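S.K.: What follows is each chain in one-letter form.
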Amino acid sequence: MKADVLVIGGGIQGCATAFHLARRGVSVIVVEKDYAGRHASGVNAGGVRLLGRDMAEVPLSKMSMEMWQSLDEELGHETGFRRQALINIAVNEVDLDTLRAREDKMRAAGYTHERIIDRTELIGRLPHVNPECVGGVISELDGYAIPYKATAAFRRAAETLGAQVIEGEEVLGLRRIGNTWLAQGRKQRYEAETVVNCAGAWADRIALMIGDNVPLSHAAPMLMITARMPHFAKPVVGAVSRQLSFKQFENGTVLIGGGAKGFADRANDRTRLDYSKLAAACRTAAEFFPIMRKASINRMWAGLEAYMPDNLPVIGPAVNAARAFHAFGFSAHGFQMGPVVGQVMADLVTGGQSRFDLSPLRIDRFDRKVL
Amino acid sequence: MQAFDCAIVGAGPAGMSAAIVLARAGVQVAVLDRAPRAGGQVFRSAANSPVPDVAALGSDYSSGAALISRFEESGAAHFAGADAWHLGDDGRILFSHEGDTRELRCREMLLCPGAMERPMPIPGWTKPGVMTAGAAQVMLKSDAVVAEGAVFAGSGPLLYLIVAQYLRLGVPVAALVDTTPRRHYFDAAPQMFRALGHIRQLSKGLSLLREIRASGVAVHQFAERLEVIGGNKAEGVRFVATGKHHEIAADTVFLHHGVQPNLNMTRAMDLDHHWNPEQMCWQVSVDDFGQSSIAHVSVAGDSAGIVGADGAQAAGRLVALNILNRLGHLSQVERDQKADKDLSYLSSLKPFRRFIDCLYHPTDALRLPRDPETLVCRCEEQSLDDLRKGFEQGARDPNALKSLTRCGMGPCQGRQCGHVVAGLLAKWRGENPETVGYYRLRSPQRLLTLDELSRYGAVQAEAAE
Numbered sequence: 001m002k003a004d005v006l007v008i009g010g011g012i013q014g015c016a017t018a019f020h021l022a023r024r025g026v027s028v029i030v031v032e033k034d035y036a037g038r039h040a041s042g043v044n045a046g047g048v049r050l051l052g053r054d055m056a057e058v059p060l061s062k063m064s065m066e067m068w069q070s071l072d073e074e075l076g077h078e079t080g081f082r083r084q085a086l087i088n089i090a091v092n093e094v095d096l097d098t099l100r101a102r103e104d105k106m107r108a109a110g111y112t113h114e115r116i117i118d119r120t121e122l123i124g125r126l127p128h129v130n131p132e133c134v135g136g137v138i139s140e141l142d143g144y145a146i147p148y149k150a151t152a153a154f155r156r157a158a159e160t161l162g163a164q165v166i167e168g169e170e171v172l173g174l175r176r177i178g179n180t181w182l183a184q185g186r187k188q189r190y191e192a193e194t195v196v197n198c199a200g201a202w203a204d205r206i207a208l209m210i211g212d213n214v215p216l217s218h219a220a221p222m223l224m225i226t227a228r229m230p231h232f233a234k235p236v237v238g239a240v241s242r243q244l245s246f247k248q249f250e251n252g253t254v255l256i257g258g259g260a261k262g263f264a265d266r267a268n269d270r271t272r273l274d275y276s277k278l279a280a281a282c283r284t285a286a287e288f289f290p291i292m293r294k295a296s297i298n299r300m301w302a303g304l305e306a307y308m309p310d311n312l313p314v315i316g317p318a319v320n321a322a323r324a325f326h327a328f329g330f331s332a333h334g335f336q337m338g339p340v341v342g343q344v345m346a347d348l349v350t351g352g353q354s355r356f357d358l359s360p361l362r363i364d365r366f367d368r369k370v371l
Numbered sequence: 372m373q374a375f376d377c378a379i380v381g382a383g384p385a386g387m388s389a390a391i392v393l394a395r396a397g398v399q400v401a402v403l404d405r406a407p408r409a410g411g412q413v414f415r416s417a418a419n420s421p422v423p424d425v426a427a428l429g430s431d432y433s434s435g436a437a438l439i440s441r442f443e444e445s446g447a448a449h450f451a452g453a454d455a456w457h458l459g460d461d462g463r464i465l466f467s468h469e470g471d472t473r474e475l476r477c478r479e480m481l482l483c484p485g486a487m488e489r490p491m492p493i494p495g496w497t498k499p500g501v502m503t504a505g506a507a508q509v510m511l512k513s514d515a516v517v518a519e520g521a522v523f524a525g526s527g528p529l530l531y532l533i534v535a536q537y538l539r540l541g542v543p544v545a546a547l548v549d550t551t552p553r554r555h556y557f558d559a560a561p562q563m564f565r566a567l568g569h570i571r572q573l574s575k576g577l578s579l580l581r582e583i584r585a586s587g588v589a590v591h592q593f594a595e596r597l598e599v600i601g602g603n604k605a606e607g608v609r610f611v612a613t614g615k616h617h618e619i620a621a622d623t624v625f626l627h628h629g630v631q632p633n634l635n636m637t638r639a640m641d642l643d644h645h646w647n648p649e650q651m652c653w654q655v656s657v658d659d660f661g662q663s664s665i666a667h668v669s670v671a672g673d674s675a676g677i678v679g680a681d682g683a684q685a686a687g688r689l690v691a692l693n694i695l696n697r698l699g700h701l702s703q704v705e706r707d708q709k710a711d712k713d714l715s716y717l718s719s720l721k722p723f724r725r726f727i728d729c730l731y732h733p734t735d736a737l738r739l740p741r742d743p744e745t746l747v748c749r750c751e752e753q754s755l756d757d758l759r760k761g762f763e764q765g766a767r768d769p770n771a772l773k774s775l776t777r778c779g780m781g782p783c784q785g786r787q788c789g790h791v792v793a794g795l796l797a798k799w800r801g802e803n804p805e806t807v808g809y810y811r812l813r814s815p816q817r818l819l820t821l822d823e824l825s826r827y828g829a830v831q832a833e834a835a836e
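Line by line, the protein sequences are chains V and X.
No gaps in the numbering here: position 219 of the first sequence is 219 in the numbering used here, and each next residue is one more.
Just so we're on the same page, the numbering used here is the position in the second sequence counted from 1, plus 371.
It is worth saying that the hints were derived from the structure and are not from the lab.
These numbers were taken from a predicted model, which means no experiment stands behind them.
Misleading hints may appear alongside valid ones.
As the list claims (entries may be wrong) - Under the rule of at most 20 Å between Cα atoms (straight-line distance), these lysine to any residue pairs were calculated in the SDA-like manner: (1) Lys-277(V) with Asp-461(X); (2) Lys-261(V) with Asp-460(X); (3) Lys-294(V) with Lys-498(X); (4) Lys-234(V) with Pro-290(V); (5) Lys-277(V) with Arg-813(X); (6) Lys-62(V) with Val-94(V); (7) Lys-62(V) with Phe-81(V); (8) Lys-261(V) with Arg-813(X); (9) Lys-62(V) with Asp-265(V); (10) Lys-187(V) with Lys-498(X); (11) Lys-277(V) with Glu-474(X); (12) Lys-277(V) with Asp-460(X); (13) Lys-498(X) with Gly-602(X); (14) Lys-187(V) with Arg-800(X); (15) Lys-294(V) with Val-807(X).
The shape of chain X in the complex, shown without the other chains:
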């Protein structure tokens, strides 16, 4: 059995940055990531991009290549293609690697599973041809695949970024349908002044929008009552903007309205979580150094609260310093001295974050389904109406509703519908989401073949020798 001082799950900006600090200090560190190359979502394939004109993806993306090479040279043991499916608070990690289950033990565990896109259960969101902006990014970064003539609908920086990337690559875009409500601009205005310290990020965002407008692509602002139209597959979108009804034809619709922490690992480990009202999502409770309610389990990056790629790198370094302290490599005074710069950087990000949270605050119209027949749980095909009936039958808790309706019991194990169900129950009960709670998540983190698990005993025997 392999034992490490620290195991890091996820080789995105947070995980890589932490690994670099730890490995340089001489700590035995293992990094598990399911992708063949490090980078995470944001720097996916940044070191080996299949996109011919990689500059079109932006300088932020290209900067990932340098981080990846520093990580790869750091001396951390990188398990590429390692899919962690169980994380134990006893420091045991079970992961699939080349078709087998392997096990490693660690004194300190660092979870960096990143963010996931908020579900957007508008009418028609489950039709074939509807994808998320994140999926568009994955296709582009991993395989240089694009969808011509697509509609992009929703709001948030990631949506504008992918549209801009498409345009730079010369891919035709049917329209950008922006659902950011007019009132959010007024609400966010006071925050903007406080965020001026981060003028670079602010101007980056503005220049994306300027770039999109300058390209001549149709931009519809303040869109409401958004829905995907079509029969068995998406044929376009319909919405109301500035008092007029619009219909735009497209075979592909990319939806996005922000990201939220990926809770799969932190919830399955039963770490303490709290409700974040600005981002309308649950997030794991950690201290400034990413330490969770289980002392030897830390969380860094977007999974501990959305901070973006730069913030994730700072958070990763901070967690690493704390782990060095816990492992006896650094005194607390040394930790605090070395942490100073990243701590102030993260704290300086806060006003910018508040501005973004305010401007792109998820609206109930996009966060919660409105039509009775709209599917909430895609795996088990449970609609809003099915859930409402379950609630009326007395299932007031997310887990009770799951047991009754099977919503959240399919292959994704409620990882997609969790926030929608919690949001609906909070609305129906007239209570705070914190009171309503969340699904109990369980290992495995994803479907695991019976054949693979049945060979797990052999791993144990080998380890005992």
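Extracted from the complex, chain V is given alone in its bound form:
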């Protein structure tokens, strides 16, 4: 099969890239070794979060947040996006000091989307919170979406515009001959002028085929979801210095995350859970929200996610090959960035540059470090 661009990986980054390329009339094939949205893009916590982003990501994340607000209309399919304030809770003065230092930095850079709240406002917004908490920080622009739905929405919109998504197709080899990339898949061969590596937890393998080394690791962040409960928390909740993250969906189920990691068995596309860490996450949730003691856990799972040493993604051109680009390594916070990453990758592929400063995200940023 031939196309202008071969996107490797059918997660949200790959599908969004295909959508933006197809919209510009570029022919695209997406190959996905399992099914689109099978791994991190389909099973994550669904957080659409701008709050607390690394300074290097803030401009991209802000743009993406704007895109999420009208994404359903743009794609013509539901992503399940709901705008909902996100609050990170402070438990003591030390947390508040952390928040104040962050605020100074953000104000200096001209950002105003994060706002510190006091205990009264915290309790006003989260009446069931443990009253010992002292305040927090809020971002009103944040929200959540349904991960698989959002990924599928990009995929379907891309397909409507002519992109082809081939599922169950693993790329086994990649070579550049003249001005063409030749990809050998398990099922068939592909030819394209450009490749885009959106292979998530497997992206280091694709990078290697392209010619770039990258210190990517992978892990299995765990999540739990409860059976439906009476509504008790509208905002999405996190904590400044504790492993706490949860949100109550419209249907009443409560998703509990917090970053505890299970065991990632990448070779077998599998994860295992670490129940003692999940137990700790339950204790934290109940400590912050005593009402959670009454919850019943319905499902626990983990996804395979790619991590970079600095927890920042790789977004940009390959350094050791022409007409190859990377977008991976989002380190458990890439879902929100999907919309903007699709646009950035389409900009890079079609025009060679992006209006964002991608230098902190380049793939060789660890190469020059001498240990």
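Based on the hints, put chain X in the right spot on chain V.
M.R.: Same frame as chain V, now just chain X:
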């Protein structure tokens, strides 16, 4: 932390039989079962039946009492009321016991979760007042509770058994609506001759039907287009039989069209499974001694392929012999010598099984929903139409469909709708169910309170001391 040579999950005929063999050989064996007394589904409360006239339940049921007492005297550590919610391939079992999570470790693990009834998603199957024949059995055996004037609809030995039990106890039955198609009798006829070796089972089945007919209860054979009628609750059934439309009023409708292996544990452990075309269901892949794709995990009884209570006892004994060999208590030669009788018994059951599978082969009409509004997933209220739309949106895999529609995401975690969804996708894709696959199941095996799990860390600390 408690460490055992072998842990058995499920104290039905397979689990009890295995435990007896293992305990007698001096092996440290733990048996976990969520019920207060051993017995499993088939011998539920057989040792302490609340039914005054227990003989009415049949001699097979009463025979369970003897097995239960042999098990209780065997010396196996029986954890009654122990609800296993995580089974790890590292030999770790997490279970709820008296409101707390407890953990045990074992060298060998034997899963005996038994069978579950095939879902029967006919129109109206989710109305209040509709239950399964298995539920009727549970109510009768555990609490001596019956529903008067009920309609029993579907097919298969378990359905006829509960009707016969009701009649013996003098409980009025509105009708037996038998959906076994006429052609199945022709298809099964050649198998019957091969099954004659099991004349006892055959005649037992026939005598049940004779007994039902002799009682004067209305029996409608060859029923088609079965549906439950009513508004907010069941008011009866409607069907076509031998060219005529029938409607029978009843407050309670018991549905049944056979059982299939309970996959919850074997799937959550990611053991290899294969599609069984005779029984139209997935089952775990095991060898003659019940050993699965993970060497130290074995499966016995109906969960490894429907064999019935007698077959399950034989399978349990065989698995135990193999485990004794693996633990170094028996040589392979000794294992094979001792296994001979049960192996030939199980193999002699096969023609009978084939006959039953052929006669009561699940029909698509009962196995898969036909009306767009019929619910497939009761927990998340997803109808056939919702699933079809999800499929048309590109969700071709059971897990993709689950992610898109929430079908299978509710409290039962797809344990009820799994086979229906896999069947529908196979039909829509025009592919073999084996290609379509099945849900990825995850622990916990059932709803677990956050409060209980939050105390799990304490179990760990205690164990480390």
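S.K.: Now tell me, hint by hint, if it's right for this structure.
M.R.: The hints, checked one at a time:
no.: 1; hint: Lys-277(V) with Asp-461(X); verdict: 17 Å, holds
no.: 2; hint: Lys-261(V) with Asp-460(X); verdict: 19 Å, holds
no.: 3; hint: Lys-294(V) with Lys-498(X); verdict: 29 Å, violated
no.: 4; hint: Lys-234(V) with Pro-290(V); verdict: 16 Å, holds
no.: 5; hint: Lys-277(V) with Arg-813(X); verdict: 16 Å, holds
no.: 6; hint: Lys-62(V) with Val-94(V); verdict: 28 Å, violated
no.: 7; hint: Lys-62(V) with Phe-81(V); verdict: 16 Å, holds
no.: 8; hint: Lys-261(V) with Arg-813(X); verdict: 16 Å, holds
no.: 9; hint: Lys-62(V) with Asp-265(V); verdict: 34 Å, violated
no.: 10; hint: Lys-187(V) with Lys-498(X); verdict: 47 Å, violated
no.: 11; hint: Lys-277(V) with Glu-474(X); verdict: 15 Å, holds
no.: 12; hint: Lys-277(V) with Asp-460(X); verdict: 18 Å, holds
no.: 13; hint: Lys-498(X) with Gly-602(X); verdict: 8 Å, holds
no.: 14; hint: Lys-187(V) with Arg-800(X); verdict: 19 Å, holds
no.: 15; hint: Lys-294(V) with Val-807(X); verdict: 38 Å, violated
In terms of the numbered hints stated before, the structure departs from hints 3, 6, 9, 10 and 15, listed from lowest to highest.
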